[in-house]
Amino acid sequence: METRELQYFVAVAEELHFGRAAQRLGISQPPLSRAIRQLERRLGVELLERTSRSVTLTEAGSVLLREGRAALDAVEAADRRTRRAALAATGHPGLVLVTKAGASDELLAKLLDAYAAEPGAVAVDVLLCGPAEQERLLRDGRADVALLHLPFDSTAGFDTEELYTEGQVVVLPAGHPLTSRRHVLTADVAALPGLPLPRWPRHDGTYADGPGAQVRDTAQLFQLIALGRASAVLPESCRAQLRGDLAAVPVLDAPPVTTVIAWPPHSRSLAVAGLVRAATRL
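To get the numbering used here, take the position in the sequence shown, counting from 1, and add 57.
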């Protein structure tokens, strides 16, 4: 299969409409339809079920959509990493470190200082992102290394080193009755009236159904909590960011959160190796 064919198929599979897919690709519809039919003939399978009113994926089409996205991501990542390697070879080395905005702030500051003191350290660009985005940015080559948080982020396919593990707390408006307790349970948090847990974006950008507010970052979340519109269960280290109108109480039965540093297994970057060494020494 050619990259172009995969791009065409993924566009149709995501739009489930040949006209919209053609517009997205910047081509006319007839050559797009021909390319998909040619791809089906070559594979010997039906990828799409077409009627005069709808387009749906077959089981084979669903598999190719998943595999095709991964293949296109790999091609894009190879392009980005190759260009960055070329820049490094011409005397412009650098690293891109991605982390979730508001997470592991204290660790990140210590890590950057420790790495800067290393012989041969290069410039580190820090890319802050929303929840669940670090993994995607590392996979598609926009980042060289990432701070991920288990069990929320997937480390499948990456090399990793565990840095530290911590408990979780529920963040509440200051003065809330639960803030007088030494600890609470997840059942206590779930039963809080008028303070629903937030809904973070999923990998595809959509939100799960539920009463909680849609949030994209901790600044937005903390404002909602202070206003008495939400609560949140977060890693213990979030205490360092809490304003005076917020309070945190340990949640005894919440799963521990482990922060790991992750990088692509095929990386041969000395800079990445140096950053990982600095992180594990911390």
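Don't read these hints as lab results, they were simulated from the structure.
Among these hints, one or two may not hold up.
To be verified - Straight line, CA to CA, 25 Å or less: simulated SDA-like cross-link-like pairs of lysine to any residue: (1) Lys167 - Gln95; (2) Lys167 - Ala79; (3) Lys167 - Val120; (4) Lys167 - Asp216; (5) Lys167 - Gly285; (6) Lys167 - Glu293; (7) Lys167 - Arg140; (8) Lys167 - Arg286; (9) Lys167 - Arg239.
All figures in this text were calculated on a predicted structure; none of them were measured in a lab.
To see whether the hints hold, each was checked on the structure:
1. For a cut-off of 25 Å, the pair hint linking Lys167 to Gln95 is broken: about 55 Å separates their Cα positions.
2. With a CA separation close to 49 Å, the supplied pair Lys167 and Ala79 exceeds the 25 Å bound.
3. Distance check on the hinted pair: Lys167 and Val120 sit about 43 Å apart at the alpha-carbon level, beyond 25 Å; violated.
4. The straight-line distance between the Cα atoms of Lys167 and Asp216 is roughly 22 Å, inside the 25 Å bound, and the hint therefore holds.
5. Between Lys167 and Gly285 the CA atoms are separated by roughly 33 Å; this puts the pair beyond 25 Å, and the hint is violated.
6. With a C-alpha separation of about 17 Å, the suggested pairing of Lys167 with Glu293 holds against the 25 Å cut-off.
7. With a CA separation close to 29 Å, the supplied pair Lys167 and Arg140 exceeds the 25 Å bound.
8. The straight-line distance between the Cα atoms of Lys167 and Arg286 is roughly 34 Å, outside the 25 Å bound, and the hint therefore fails.
9. The hinted pair formed by Lys167 and Arg239 fails the criterion: a straight-line CA distance of about 30 Å is larger than 25 Å.
Violated hints, in rising order: 1, 2, 3, 5, 7, 8, 9; the structure is consistent with all others.
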